Amino acid sequence: MKAARKILSMAAAVVVLSFATFMAFAILPGDAAQTKLGTEATPEQVEALREEMGLNDNVFVRYGRWIGGVLHGNLGTSSRFNCPVSDLFRQMLPNTLLLAGLAFVIILVLSFPLGMLYARYPGSIGDRAGVFANQTFMAIPGFFLGIIISVVLGIGLKLFIPGAFVSYDEGLGPCLSYLFFPALSIAIPKVAMTVRFLRSALLTEKQKEYVRTARSKGLGEWEIIGKHLLPNALAASVTFLGVIVSEIVAGSIVIEQVFGVNGLGRLLVVCVANRDFDVVQALVLYIGIIVIVLNGVIETLVQKGGDNE
Amino acid sequence: MKKYRSFNFICGGVFLGLTVLLVLWGMIHTPYDPTAINAALKNHAPTLAHPFGTDQLGRDVLSRVMIGAGTSFLIGAATIVIGGIVGTLIGALAGFFGGLFDTIVMRINDSLLAFPGILLALVLVCIFGTGEKNVILALGILFIPSIARVVRSEIKKQVPMDYVANAKLLGAGKMRILFVHILPNIRATLLVTMAVGFNNAVLAEAGLSYLGLGVQPPKASLGRMLSEGQSYLRLSPWTVLFPGLVLALCVLGVTLISDVYSGNSADTEDPVKARRKIRRILHERYPETDGSDSKGEGSGKEDAVLTVKDLRIAFATDTNEPNEVVHGISFQLKPGEKLGIVGESGSGKSVTALSVMHLLPEKGAAIGDISVTYEDEAGYHKVDMSHYNAKEMQRYRGAEIAMVFQEPMSSLNPSMKIRRQMAEMLTHGEQKRTREEIKARLTEALLEVDLQDTDRILASYPSKLSGGQRQRIMIAMAMLNHPKVLICDEPTTALDAETQEQILALLERLQKKYQTAILFISHDLSIVKRLCDRVMVFHNGLVVEEGKADEIFEHPKEAYMKQLIAASEGANYAKGMEVPKDSEEIVKVSHLHMAFGRLRGRKPLNYRTKVLENYNLTVRRGEVYGIVGRSGSGKSTLAKCLCGLLRPLVGTMEIKGKVGMVFQDPYGSLNPSKSVLWLLEEPLRIRKVPKEERIAKAKEMLLAIGLPEDYGERKITELSGGQRQRVAIGMALMSQPEILVLDEPVSALDVTVQEQILALLAQLHDRYHLTYIFITHDRAVMNRFATNVEIW
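Protein chains in written order, with the numbering used here: chain A, 226 to 534; chain B, 972 to 1763.
Just chain B, same shape as in the assembly:
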């Protein structure tokens, strides 16, 4: 592991090791009696016999430091044991159960935490009296609130995660969920908090003893030694220096080590240097692409507005070899052209777009030639982007090339009004604009993207606007300076079908009006087919096929593109699955109402956020019942109702059979601290099935879900998304359900992986005679998988 070799970790280890050694040595044997007064040896400077010198009473400072440091360690350790146990318990219970207990505990906690620690310690010492035991008691009590708060907030973060819901669904009891499923996931945070608590206790004890209120003489304590030595500073500075240094060394050691775990350490690589290094290695690997034909501005007209040549992109790894993800891509974008890039995630399409803007993530770097050419009133320009430094890039970003990103939710600054965010785009060029001019320009731009309520929108924060509105704003902002090139990185992926359609129409219109060249990146073939003139197909960092859009989609040449098209059209699984005719009704839901939010007023049904209203559902045994709905339409709420995670507000549910569930995000629904086999066994473990039988069944399931046998021992974090979803399905099946609720089980996966999981689900349906309730937003998937579709 790299982190154990970091400079900070080694330093911390050495510092802490030295002090521990000193303490252990002192426990076995001290060179002199630490309390023996010797009038003949007053204030002697350090010598071989007394390496740390002697103090004003002739006592050996080294021996006293050993005993004093031992006291510090003892008090620190005792404090974290007392505070750690009580605090963890209180925090865990408060965080897990919530409610009144939580409110009361946290109120008390927060007021205690707002108070200066040493003041409370003083009060407690005043009450209990001085001395070692009382100091431990006081500091231990003091530590409880801070650890309780950390544990509570960590647990609160874990509770809404799908893996907790999953465990609940499988029948795990509350205490089992809390201690077996949740607590292991907060171990790292807990350890770091303990380390901080240890340090605080050591420092507080030293402070109290310095004030004369902690450990009492003649027992040695580092704080006490400092206060005694302070009066003899001129005469014998070593009596202060050594105890102080040992104290600092111990605390620093603990901090340095714990920082490695908390990720607070600065031991990250310098991104500037890392980039330079990657570029150097890439140039060594490919000496011919050394930017040889980079010409200055103005030479030789070209008809392409954007030219990319031999672009290679690599990312830093833990080893010395950077991981190359794009292997020498070249393409040209003509003025007014709409060029599409399609490919699965990881094919290098997004990083290609980002590298054109010099916006690669910190650990990535690119080599190759990127140039932008265009003509305006001032004449013909050719800008060689690949050789521009960050400062010069700023002139072109936003002015000549602009970009629209995938997530309109997170791409805008949440704490800045739209007006300011848009106005930042108008700082390009010499021209100074007045407030009114800026406002007029922004209003015009918003109207152009069909946003009517311009005054309100300009004065809003992003959170007040819908996803579609935000994406329109992003587009309006990108088009403010009428750039020559607009790069769209999956601009419609995060939006629902209807909004998607509108945004595409908008892009087409703006493109026609301003003759902007568009580089459009998407994994969705149908969108690219509709919008683009020309298409490039990316696969593993290479362009595998390129050509006119119609040609490529109608007559794909390469096998990969054929595969992609097949996946996007997809096999019809619905026909392949066995569905018994006229079977019994296995699920019958009638008049279901679901609502969230606070109950206000007297008419509860009117005053809450309604999610489901008077909903009816009938599913027959063996069916694959599909429900298609937009995000936010209450699909997931229904899923949770069906498997009993939520209780309906009004309505009846008759379910004849055990219900299992597969969640959308396999990264959230599986406990990250466990192994594959552990997870598969868990449903049986809860049911107290003997160990041998449990393991045998889990191994059988491993094969049934199509994973190799040796995957059982792997940590879930080592698996890919598709493999995780297989485990999630297997885990749901281990409790032998008859009905499986599938909540968007393939939406988080790549198209080709999606196909594999659908095939697996179809196969398992027949093998275990299951009934599926399949919930998704993707109508295409539903049409070929479900035997019965309901559209919301």
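Bound-form chain A, shown alone:
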């Protein structure tokens, strides 16, 4: 029952999203026909093409046609690359997913132990230095960090060759070992964000009276953090994990550009610059669906863990 309602509300969100996306591009001043033909074209030529592309129809009819196409796997045609949008996606989506997945793993692996460590010794020298470092890493823009990483780890230590990206279909191993560095650049500021959030969530929990009860039972501080504080802090962090997911997606758009990763983010930037609407439209829908579904999954998982208040 609960699951059904969740799926239904997610589906509704996707429908709204698709319509909003479509509308946003439908009201554009410069229309697709004009863009396609360039500024040299005569009004008659543009009109003819408009008719041919079906741009003169009612907005709802056009939306219906588009969404029908999307459901059949036809995402439209890229004017920039002159090929079906779905071909572009097939080529680039796995790279982006690998990158985002890798970044997520790095974030989880690094931030939980760090957050717990800070919360164990609040106010200590280590905690202060850690928090300061945290704030610094949050302030550094991802692409600047990416550039620093490619200079220091790539050019300096020669751990990888910046720009020499290996796509997933040319070998998964080399692809992952290259992607580790952009994933690191995405992850570091997010690790800082997560650690900061976890630290303050844990410290808030630590002030509560049940902690005193736990101490009066003779439990150790680490036991209290692991068994009592962490589950409660996690329940409070549902929305935050959602933010992290969308932050990873956002980060990958820019970082792909920095490291020359052939992924959806880079595609998006190229197509926005060239006003390739079919691709942008499809990409927004795609990323939106990923974000909605991931958020739904995280929410359900965490609620299962802490659904008892």
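Source of the hints: derived by calculation from the structure; they are not laboratory data. Treat the hints with care, since some could be wrong.
In the PhoX-like style, the derived pairs of lysine-lysine whose C-alpha atoms are separated by at most 20 Å in a straight line are [to be verified]: (1) A:LYS433 - A:LYS452; (2) B:LYS1139 - B:LYS1305; (3) B:LYS1104 - B:LYS1190; (4) B:LYS1645 - B:LYS1627; (5) B:LYS1139 - B:LYS1127; (6) B:LYS1483 - B:LYS1305; (7) B:LYS1244 - A:LYS431; (8) B:LYS1483 - B:LYS1528; (9) A:LYS431 - B:LYS1362; (10) B:LYS1559 - B:LYS1629; (11) A:LYS433 - B:LYS1388; (12) A:LYS452 - A:LYS431; (13) B:LYS1305 - B:LYS1127; (14) B:LYS1334 - B:LYS1244; (15) B:LYS1388 - A:LYS431; (16) B:LYS1645 - B:LYS1670; (17) B:LYS1629 - B:LYS1611; (18) B:LYS1305 - B:LYS1353; (19) A:LYS431 - B:LYS1334; (20) B:LYS1559 - B:LYS1627; (21) B:LYS1519 - B:LYS1139; (22) A:LYS452 - B:LYS1388; (23) A:LYS433 - B:LYS1305; (24) A:LYS452 - B:LYS1362.
So these bits of chain A aren't anywhere near chain B, every CB distance computed over 12 Å [what the hints assert, rightly or not]: (25) SER234; (26) GLY289; (27) LEU323; (28) GLU395; (29) LEU459; (30) ILE512.
In this text, all values refer to a predicted model and were calculated from it rather than measured experimentally. Glycine is no exception: its CB is placed at the ideal position from the N, C-alpha and C atoms.
Knowing the structure of chain A, use the given hints to seat chain B on it.
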């Protein structure tokens, strides 16, 4: 103020100051034309003439950084202005009015927020086109949802507070409540959110420009400089380094400063160090109590199970001098003895108990000797608690000494089942127990505290259980290992009278059965008198009187104890107040029904949570009408109905006269961002009384409620609980009511303060010819204050 001297704040100020200086300087004058191309100066390393070097086109990097940073600032500022104004308005209205508008706005908001910001920015830029103005527009729109959400949730937190109800009661309009009363209280949060928004906008602009979709050349922008410089990394790293650094410095500066306000900064003192420091200072002050007679285990038998000697407790303050709250207390607890500690809040009784367990709050520390001695199969033990470190303490906590706390609601972990929480107590000792053994042991313990439905209780979360059940569980848990000493810190204070009685009986029974020594702390003299063999009276961190319970209560020697006993018995105010005979009926309520909850099904009265059913009430002019009821019996609902804050579901209310109200908690019912005089004037300000008259009347009231004249300018947060309640009473009287509804007006106060407020109320009753409807759970107070009592 301490926070302005913190390391993080200073760092932030310096960083932000540097970038602001750079921007301002660039606005007045740049060393070179930032767009002038000079082929002769390509990729020059930093020199005196070009401190940041030159780029691939020979342009001066410093000049370009100045202009670029200026663009960043402009875009950041414009964004928070656009997003801030629109977002605050939307959030405030949604949060304050709620309903459909709120639902729709927040739905849209949440879906926008779940979306990656830069992606939306890209889409908007794709729609609007690139360039500075469009970027500002896009980022401003992007900022609206996040600020709207923060403002809404903050306002939602404020709306149910009593001070809002109070303002409503005094006749303030909706807009006045929202903008004058509520918004000032969320200022700090709003500022912090703005700072975050500024940073996000600066970073997003840099990102967009880096991607070539933001500010367009030839205009300089930090993001653009990074992308242009990236191709020349090996040749001229400074073209990337300096713009990046300035960007990071600016964002870091804003974060560091705003963190000081949001309380997210780590600039707290290290509790371990703070404790050590307090202990050192205490030892310096009292060199003789240096733990000189601490003996090792096994030496010299003593008949006391717990011995406390020269215990001093102090808390860290903002100054260097810790605040000493307990000044050298010594006592002994004999096996099987029930020792009571009485005293008002702040007398040091609770912290004394906590220090025995090494459970003082973070900023507190204790010196002195605490030892526990006992005999078991393994022989005689003497454990010197004061010299144990945290790790060693764990062995004794829960095993030899256990504790029951005041609030059974918050003392259990809300997200852990009772079974696990209780089982944690059984990890002491070497013995490994199987699941079945643990369960059998827990079931037995629960049965012992009269809880029957053991399987269900063990599998429940605390929220599914009542306060009385939880306190029984706490006691069962504390007794699991049959400790030698059980410390009870106000274990019955949060419970209603009936449950209180049962818990006390239970404690007595368990104590007899296991011969546990009990240290019982309470502010309630009658409970201590009933339960304890021996009593210590605490006052300002000292034991002022000690002795057998009967003796102390029958023949108190010290003045303070006499005062306490007098306060607990109390003067009879009811006799002193003038009540006209056979006066008119001023309040007549008939057939009142109140219910909450969602309307379900067709029979509304059957399907809701009923609070009041067919309630009738008649009050005559000049009476002090007392209503005594348990918590949750609907008393407060009735109070809110009477003064018009809630509309009754069914029934009629005839009220002849203006109604004022005094709320229970003076910390919640007075707006924390205002001064005393402002609050007293507010009822008149709403009624548009001229300023001079307003101030004169407020000052008069200040005297009438017994506060010194110079208190008018004080912030309400600087006042004590009793003083605040005086202000609350004064504020209610300023609107010249004839009827005053008093909803537990003294329950949140200490006994001696309670007496003062009751005396004030009695005096005001005659002075202003008021009619009181006095609602409380405390029958003793009612019996001596009300002229007419109704018991629910």
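Now for the hints, and whether the structure bears them out:
The straight-line distance between the Cα atoms of LYS433 of chain A and LYS452 of chain A is roughly 14 Å, inside the 20 Å bound, and the hint therefore holds. At most 20 Å may separate the alpha-carbon atoms for a hinted pair to count; LYS1139 of chain B and LYS1305 of chain B exceed this at roughly 57 Å. Distance check on the hinted pair: LYS1104 of chain B and LYS1190 of chain B sit about 13 Å apart at the alpha-carbon level, within 20 Å; holds. Using a Cα cut-off of 20 Å, the hinted pair LYS1645 of chain B and LYS1627 of chain B is violated, with the two alpha carbons roughly 32 Å apart.
Restraint check for LYS1139 of chain B and LYS1127 of chain B: the C-alpha separation of about 16 Å stays at or below 20 Å, so the hint holds. Straight-line distance between C-alpha atoms of LYS1483 of chain B and LYS1305 of chain B comes to about 14 Å, which keeps the hinted pair within the 20 Å bound. Of the pairs offered as hints, the one joining LYS1244 of chain B and LYS431 of chain A holds, with about 18 Å between alpha carbons and a cut-off of 20 Å not exceeded. Distance check on the hinted pair: LYS1483 of chain B and LYS1528 of chain B sit about 31 Å apart at the alpha-carbon level, beyond 20 Å; violated.
For the hint pairing LYS431 of chain A with LYS1362 of chain B, the CA-to-CA distance comes to about 18 Å; that is within 20 Å, so the pair holds. For the hint pairing LYS1559 of chain B with LYS1629 of chain B, the CA-to-CA distance comes to about 14 Å; that is within 20 Å, so the pair holds. Under the criterion of a C-alpha separation no larger than 20 Å, the hint pairing LYS433 of chain A with LYS1388 of chain B is consistent with the structure, at around 17 Å. For the given pair, LYS452 of chain A sits about 12 Å from LYS431 of chain A by alpha-carbon distance, which is consistent with the 20 Å threshold.
About 53 Å separates the Cα atoms of LYS1305 of chain B and LYS1127 of chain B, which puts this hinted pair outside 20 Å; it is violated. Proposed proximity of LYS1334 of chain B and LYS1244 of chain B is supported: the alpha carbons are some 10 Å apart, at most 20 Å. Restraint check for LYS1388 of chain B and LYS431 of chain A: satisfied, since their Cα atoms lie roughly 19 Å apart, inside the 20 Å limit. The suggested pairing of LYS1645 of chain B with LYS1670 of chain B holds, with an alpha-carbon distance near 16 Å, which does not exceed 20 Å.
Restraint check: the Cα-Cα separation between LYS1629 of chain B and LYS1611 of chain B comes to about 14 Å, which is no more than 20 Å; the hinted pair holds. Under the criterion of a C-alpha separation no larger than 20 Å, the hint pairing LYS1305 of chain B with LYS1353 of chain B is consistent with the structure, at around 14 Å. For the given pair, LYS431 of chain A sits about 14 Å from LYS1334 of chain B by alpha-carbon distance, which is consistent with the 20 Å threshold. For the given pair, LYS1559 of chain B sits about 9 Å from LYS1627 of chain B by alpha-carbon distance, which is consistent with the 20 Å threshold.
Taken as a hint, the LYS1519 of chain B and LYS1139 of chain B pair is broken in the structure, with Cα atoms around 52 Å apart against an allowance of 20 Å. Of the supplied pair hints, the one linking LYS452 of chain A and LYS1388 of chain B holds, its CA atoms being roughly 12 Å apart against a limit of 20 Å. For the hint pairing LYS433 of chain A with LYS1305 of chain B, the CA-to-CA distance comes to about 33 Å; that exceeds 20 Å, so the pair is violated. For the hint linking LYS452 of chain A to LYS1362 of chain B, the alpha-carbon distance of about 18 Å falls within 20 Å, and the restraint holds.
Listed as outside the interface, SER234 of chain A is inconsistent with that label: its C-beta sits roughly 10 Å from the nearest C-beta of chain B, within the 12 Å cut-off. Annotated as non-interface, GLY289 of chain A keeps its C-beta farther than 12 Å from every C-beta of chain B; the closest such distance is 22 Å. Distance to chain B confirms LEU323 of chain A as a non-interface residue, since its nearest Cβ pair spans about 18 Å, more than 12 Å. Separation of GLU395 of chain A from chain B is adequate, the least Cβ-Cβ distance of about 24 Å exceeding the 12 Å criterion.
A Cβ of chain B approaches the Cβ of LEU459 of chain A within 12 Å, the least distance being about 9 Å, so the stated non-interface status is violated. A cut-off of 12 Å between C-beta atoms contradicts the statement that ILE512 of chain A is not in contact with chain B; the least separation is 6 Å.
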